[in-house]
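> All chains, please: the whole structure from these sequences, using the hints.
Letter by letter, the chains look like this.
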Amino acid sequence: GQQVMQIPQYQHVQEGEDFTTYCNSSTTLSNIQWYKQRPGGHPVFLIQLVKSGEVKKQKRLTFQFGEAKKNSSLHITATQTTDVGTYFCAGPPSGGSNYKLTFGKGTLLTVNP
Amino acid sequence: DTAVSQTPKYLVTQMGNDKSIKCEQNLGHDTMYWYKQDSKKFLKIMFSYNNKELIINETVPNRFSPKSPDKAHLNLHINSLELGDSAVYFCASSLRETQYFGPGTRLLVL
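These protein sequences, in sequence, are chains Y and Z. The letter at position 33 of the first sequence is residue 102 when you use the numbering used here, and the numbering goes up by one with no holes. The letter at position 33 of the second sequence is residue 1065 when you use the numbering used here, and the numbering goes up by one with no holes.
Among the hints, erroneous ones may be present.
[Stated by the list, open to error] Short, incomplete list of chain Y residues facing chain Z, as computed with Cβ under 10 angstroms:
#1 104
#2 106
#3 109
#4 110
#5 111
#6 151
#7 155
#8 157
#9 160
#10 161
#11 163
#12 168
#13 171
#14 173
#15 174
#16 175
[What the hints assert, rightly or not] Using 27 angstroms as the maximum straight-line C-alpha spacing, the simulated DSS-like pairs for lysine-lysine come out as follows:
#17 1103/Z x 125/Y
#18 169/Y x 1099/Z
#19 1041/Z x 169/Y
#20 105/Y x 1041/Z
#21 1041/Z x 120/Y
#22 169/Y x 125/Y
#23 1068/Z x 1099/Z
#24 1103/Z x 1041/Z
#25 139/Y x 128/Y
#26 1084/Z x 1103/Z
#27 1084/Z x 169/Y
#28 169/Y x 1073/Z
#29 169/Y x 1072/Z
Everything labelled a hint here was simulated from the structure, so no lab data went into it. Predicted model, so just to flag it, every value in this text is computed and none were measured. Yeah, the Cβ is synthetic: ideal placement off N, Cα and C, and Gly gets one too.
So, in structure tokens, the structure goes:
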């Protein structure tokens, strides 16, 4: 079945440093979504990318979808303590049910003030 | 107003018991889901209903039985609870692919 890998599993940074998490799917995705889960909280939708090579920005966050629609990345510039949490990528397989998201295992980001 | 709500928030119970978790969404979405998040934070889909019809049924023990009385509600009943069922169970809903999660039910089986 479809597998979605994320690296790194953990990342600890000093406040102000940049952070990147990478997502790689074993199959082509129809779209990629990113979610953030604060400690003790629930996953919250951040963004969806649909087109091959698409890049979207949300303030200090930059999201990319690979040309082959199998990988994606999330980059945070100048991290803040409010960025702490686990970042998940998720996507439905291309040609499959759009309702069935496979989630990566997430990258836990901690930020030292 | 809470978009996706779940009850109870915490559930502590003995092995072998039967328990239910309830979920309600007021977003007008057609599709609802149950996810299980284990201690390593891995999120795995269990079930999905679209307009009260089961559309996704992953490899889940048949001790788990979902029920959708209407498209705004999705409940999860678990029979004969086992230690390995301890996890956080999230309900979610969606209009298309984007999913809106409830606050979660933290289940601990002793």
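> None of the hints should be skipped; say for each whether it holds.
Against the structure, the hints come out as follows:
no.	hint	in the structure
1	104	holds, 8 angstroms
2	106	holds, 8 angstroms
3	109	holds, 9 angstroms
4	110	holds, 8 angstroms
5	111	holds, 4 angstroms
6	151	violated, 19 angstroms
7	155	holds, 6 angstroms
8	157	holds, 7 angstroms
9	160	holds, 9 angstroms
10	161	holds, 6 angstroms
11	163	violated, 12 angstroms
12	168	holds, 5 angstroms
13	171	holds, 8 angstroms
14	173	holds, 9 angstroms
15	174	holds, 5 angstroms
16	175	holds, 5 angstroms
17	1103/Z x 125/Y	violated, 33 angstroms
18	169/Y x 1099/Z	holds, 18 angstroms
19	1041/Z x 169/Y	holds, 25 angstroms
20	105/Y x 1041/Z	holds, 20 angstroms
21	1041/Z x 120/Y	violated, 38 angstroms
22	169/Y x 125/Y	holds, 23 angstroms
23	1068/Z x 1099/Z	holds, 16 angstroms
24	1103/Z x 1041/Z	holds, 21 angstroms
25	139/Y x 128/Y	holds, 25 angstroms
26	1084/Z x 1103/Z	holds, 5 angstroms
27	1084/Z x 169/Y	holds, 16 angstroms
28	169/Y x 1073/Z	holds, 18 angstroms
29	169/Y x 1072/Z	holds, 21 angstroms
Consistency note: the structure conflicts with the earlier hints numbered 6, 11, 17 and 21.
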